[in-house]
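Q: Now for the letters of each chain:
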Amino acid sequence: MGTGKRKKSDGREVEAASAAAERGGGGGEGVKEKKRRTLPSMIKNKEKRSAVHAELKREKRIEKRKKAKAQEAALQRAIELGEEPPLKKVPRTIENTREPDETVCKPDDEELFAGNDADEFCEVLKQDVSPKILITTCRFNSTRGPAFIEELLSVIPNAHYYKRGTYELKKIIEYAKNKDFTSIIVVHTNRREPDALLIINLPDGPTAHFKLSNVVLRKDIKNHGRPTSHMPELVLNNFTTRLGHRIGRMVQSLFPHDPNFRGRRVVTFHNQRDFIFFRHHRYIFETKEKKVDPKDKAAKGAKEKNASQQKVIARLQECGPRFTMKLISLQHGTFDTKGGEFEWVHKPEMDTSRRRFFL
Amino acid sequence: MPRTSTLECPGCPPLRVLTTDVLGLVKVLEARGKVGTPKVVETWGPPDASRGVLAASYADRNIDPLLAIARKDGLVEFLNPLNGDALAATKVDESDSLNGALKDDHIVGLHLFRTKKIELSSRLAAFLTCTEKGKACLSYVALRDAPADLHTDSPSSWNICTSGKVTCSSVDNTENYALFGGKGIEVNLWDLTNCSKIWTAKSPPANSLGIFTPTWFTAATFLSKEDHRKIVAGTASHQVRLYDISAQRRPVISVSFRESPIKAVTEDLDGYTIYIGTGSGDLASFDMRTGKLLGCYVGKCCGSIRSIARHQELPVIASCGLDSYVRFWDAKTRQLLSAVFLKQHLTNVVIDSHFSGEESEGNHVSQPSDLELVSQTEVQDDEELQISKGSKTSKKQEKSKTKANKNRNKVQDDDPTSVLVSLSNVEPEASGELPASKRRKSSEEESRRLKKKKSKKSL
Numbered sequence: 196m197g198t199g200k201r202k203k204s205d206g207r208e209v210e211a212a213s214a215a216a217e218r219g220g221g222g223g224e225g226v227k228e229k230k231r232r233t234l235p236s237m238i239k240n241k242e243k244r245s246a247v248h249a250e251l252k253r254e255k256r257i258e259k260r261k262k263a264k265a266q267e268a269a270l271q272r273a274i275e276l277g278e279e280p281p282l283k284k285v286p287r288t289i290e291n292t293r294e295p296d297e298t299v300c301k302p303d304d305e306e307l308f309a310g311n312d313a314d315e316f317c318e319v320l321k322q323d324v325s326p327k328i329l330i331t332t333c334r335f336n337s338t339r340g341p342a343f344i345e346e347l348l349s350v351i352p353n354a355h356y357y358k359r360g361t362y363e364l365k366k367i368i369e370y371a372k373n374k375d376f377t378s379i380i381v382v383h384t385n386r387r388e389p390d391a392l393l394i395i396n397l398p399d400g401p402t403a404h405f406k407l408s409n410v411v412l413r414k415d416i417k418n419h420g421r422p423t424s425h426m427p428e429l430v431l432n433n434f435t436t437r438l439g440h441r442i443g444r445m446v447q448s449l450f451p452h453d454p455n456f457r458g459r460r461v462v463t464f465h466n467q468r469d470f471i472f473f474r475h476h477r478y479i480f481e482t483k484e485k486k487v488d489p490k491d492k493a494a495k496g497a498k499e500k501n502a503s504q505q506k507v508i509a510r511l512q513e514c515g516p517r518f519t520m521k522l523i524s525l526q527h528g529t530f531d532t533k534g535g536e537f538e539w540v541h542k543p544e545m546d547t548s549r550r551r552f553f554l
Numbered sequence: 197m198p199r200t201s202t203l204e205c206p207g208c209p210p211l212r213v214l215t216t217d218v219l220g221l222v223k224v225l226e227a228r229g230k231v232g233t234p235k236v237v238e239t240w241g242p243p244d245a246s247r248g249v250l251a252a253s254y255a256d257r258n259i260d261p262l263l264a265i266a267r268k269d270g271l272v273e274f275l276n277p278l279n280g281d282a283l284a285a286t287k288v289d290e291s292d293s294l295n296g297a298l299k300d301d302h303i304v305g306l307h308l309f310r311t312k313k314i315e316l317s318s319r320l321a322a323f324l325t326c327t328e329k330g331k332a333c334l335s336y337v338a339l340r341d342a343p344a345d346l347h348t349d350s351p352s353s354w355n356i357c358t359s360g361k362v363t364c365s366s367v368d369n370t371e372n373y374a375l376f377g378g379k380g381i382e383v384n385l386w387d388l389t390n391c392s393k394i395w396t397a398k399s400p401p402a403n404s405l406g407i408f409t410p411t412w413f414t415a416a417t418f419l420s421k422e423d424h425r426k427i428v429a430g431t432a433s434h435q436v437r438l439y440d441i442s443a444q445r446r447p448v449i450s451v452s453f454r455e456s457p458i459k460a461v462t463e464d465l466d467g468y469t470i471y472i473g474t475g476s477g478d479l480a481s482f483d484m485r486t487g488k489l490l491g492c493y494v495g496k497c498c499g500s501i502r503s504i505a506r507h508q509e510l511p512v513i514a515s516c517g518l519d520s521y522v523r524f525w526d527a528k529t530r531q532l533l534s535a536v537f538l539k540q541h542l543t544n545v546v547i548d549s550h551f552s553g554e555e556s557e558g559n560h561v562s563q564p565s566d567l568e569l570v571s572q573t574e575v576q577d578d579e580e581l582q583i584s585k586g587s588k589t590s591k592k593q594e595k596s597k598t599k600a601n602k603n604r605n606k607v608q609d610d611d612p613t614s615v616l617v618s619l620s621n622v623e624p625e626a627s628g629e630l631p632a633s634k635r636r637k638s639s640e641e642e643s644r645r646l647k648k649k650k651s652k653k654s655l
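So the protein lines, in turn, are chains A and B.
So that you can map any letter, position 319 of the first sequence is 514 in the numbering used here, and since no number is skipped, the others follow by simple counting.
So that you can map any letter, position 118 of the second sequence is 314 in the numbering used here, and since no number is skipped, the others follow by simple counting.
Accuracy of the hints is not assured; some may be wrong.
Residues on chain B that point at chain A, a partial pick, calculated with CB under 8 Å [stated by the list, open to error]:
| # | residue |
| --- | --- |
| 1 | Pro-457 |
| 2 | Lys-459 |
| 3 | Lys-488 |
| 4 | Leu-490 |
| 5 | Gly-491 |
| 6 | Val-494 |
| 7 | Lys-496 |
| 8 | Cys-498 |
| 9 | Gly-499 |
| 10 | Leu-518 |
| 11 | Asp-519 |
| 12 | Phe-537 |
| 13 | Gln-540 |
Each computed BS3-like pair below joins lysine-lysine, with the alpha-carbon atoms no more than 27 Å apart [unchecked claim]:
| # | chain 1 | residue 1 | chain 2 | residue 2 |
| --- | --- | --- | --- | --- |
| 14 | B | Lys-379 | A | Lys-533 |
| 15 | B | Lys-379 | B | Lys-393 |
| 16 | A | Lys-406 | B | Lys-393 |
Treat the hints as calculated values from the structure; they're not laboratory data.
Being a predicted model, the structure only gives us computed values, none of them experimental.
In this text, a Cβ means the ideal position worked out from N, Cα and C, and glycines have one as well.
Bound-form chain A, shown alone (with noise of 0.2 Å):
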């Protein structure tokens, strides 16, 4: 019984809503109502509820586009009247609301550099020694993995594909080191999709493990490029922690130092909330006869006379292949599962919250 009473007065609410709805959008009126107004998913009848719920919508819209013009018409105005254009508002995005952490590195840090300085990648960034690279597999590894190390190893210089056979990885890397190999990079397959890369730095470390997603192969990628054999251009973006810092060193540390710019080839691995994204593309700066309205022509003429309006674009060709990389840990020393230190793992009691990043 009581039930039936509530959804008879819920009805009755509704319609008001619509009528005030119907009456207009706007209004201090129309503001006061919508407070009182029952949310559409409170209404049982489904008819009503989409009905009201479409209206809603619209109402919404509406609203929407009524402020985006009435920003341009003061854009506009401020444009007129010359006077400074109002503030584009910043979207607050839990990029730009990060929690603040001391491990953040700062500019102007001594023990930064001298801990740079001392730390495993210095020999390969000061170019003392040529980074060497061996590349190999986890132990069952078919079709999609074999695609993507020849990806790999059309990316990276002086990589070697060595295959895993039955080796243990402890002998793997003591063949390595006895090799002058300056990196490992353990490519692990899970149902013929690679899922995970272990990168580890010889002779002593560190061992850093990254879940690997998205991984898309250059043949899947529209209108990609071939890469020349020319040394890349390293771009490494965001690694701002001390923790950050050390794996962009690591990574740096897989790339030789003296890119040749001829090539126009980019590497880049973008850190953004504790993922990296790596992306590999072909550049080129074109210098492009602007486009003159012609009405614009006829207002500055005279300038278009003396300059030829050009301009310099960069286009970019992605060369695949494309994948994004997320920390697990980074182990002290070599790949050692029993005895080994890490310095850093991903813990569920560190997930408080979302505004958190480690890199």
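Guided by the hints, dock chain B onto chain A, whose structure is given.
A: Just chain B now, kept in the frame of chain A:
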């Protein structure tokens, strides 16, 4: 609206902590006030990776505290922990490290003797070092302001083992016995008076599948202060073992903890609790009478724990490790009190337990704590009884703290007037059987301390 959920850290009682790191820096942290946040107040030494600190030992005394640090280049340095002055430096095993093969033989264990083998009021420091390859060396070094005619005994050195790699060593509270253990080396106990091995552990039998886990000790300590017969050791196969040398050669209790190697083991003052730290950053406490896990210390600790230190009076422990944080925990409630980021991989942490927060304001105790003393004098007697029971609450902690301050201040008052008197005060302590045990909270010690106080007053 950004939703932030920063962990509320309640802050520490006043304490002073020294940490050492892989760049060879010694950093001093101090927390002042009732609930202060520790801050780095001093950094000693230039950053240099070849002089990274491997081991540190602290003689936690009221007068003339001393800090010894062993560096990567084989140098053992002695510092004044109050102002960072280098008092002495010595090279261990110069004769052996000449040929290149022994160059990589790093020092892994260092112990600075607090009471024994120190003549002439600590102008001479005795220390025990132990290298990775098993060379133990008991030697003496004259500090900088020592008299010239001071004769130093010739260092005695011996070999612990022929193969394997020593990773841990410890000296018991009476400083008569030392234990060593490592990769391929069972825990063994040595009598330091005549440098002889008195006991070796035996590895546990193979399990039901016939699988034998190789010996690999990563941390070891003596369980209680009075007793050198009980040893707690942590292994790389994530086991905590209790050995009783009077009972058997195999472990009495062996418990497994999680899945990463135990990297640090530290005993509590009560003689049965131990704190362990693992290679993946888990910190926990065990009751070694039963082998039960008391609880874990949870607080976003994400790097291997290298060292744990227990405060001698307050229930505070400090841990440090590869995540470059020093963390302070309440030992009883297992709550994180504070965490300080120190930028480098830390190797050791030691606590100066004779630090009182008011030191900087002068030798006298500041006003508020005086008032406190007045207000608490009435309950002092009851308090003493409760302390002897061994139960502690936060209120009592404060009490003992202020008492410690009082003691320290008293000594400082004594100091300038006549050094000789203070020395004569100290010497009977040193000749006593359990010199450092005066800091213990057991009832006997408490009464003994009171007596001592009285005798001091009579002097």
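Q: Where does the structure disagree with the numbered hints, that is, which hint numbers, in rising order?
A: Hints 3, 4, 5 and 16 not satisfied by this model.
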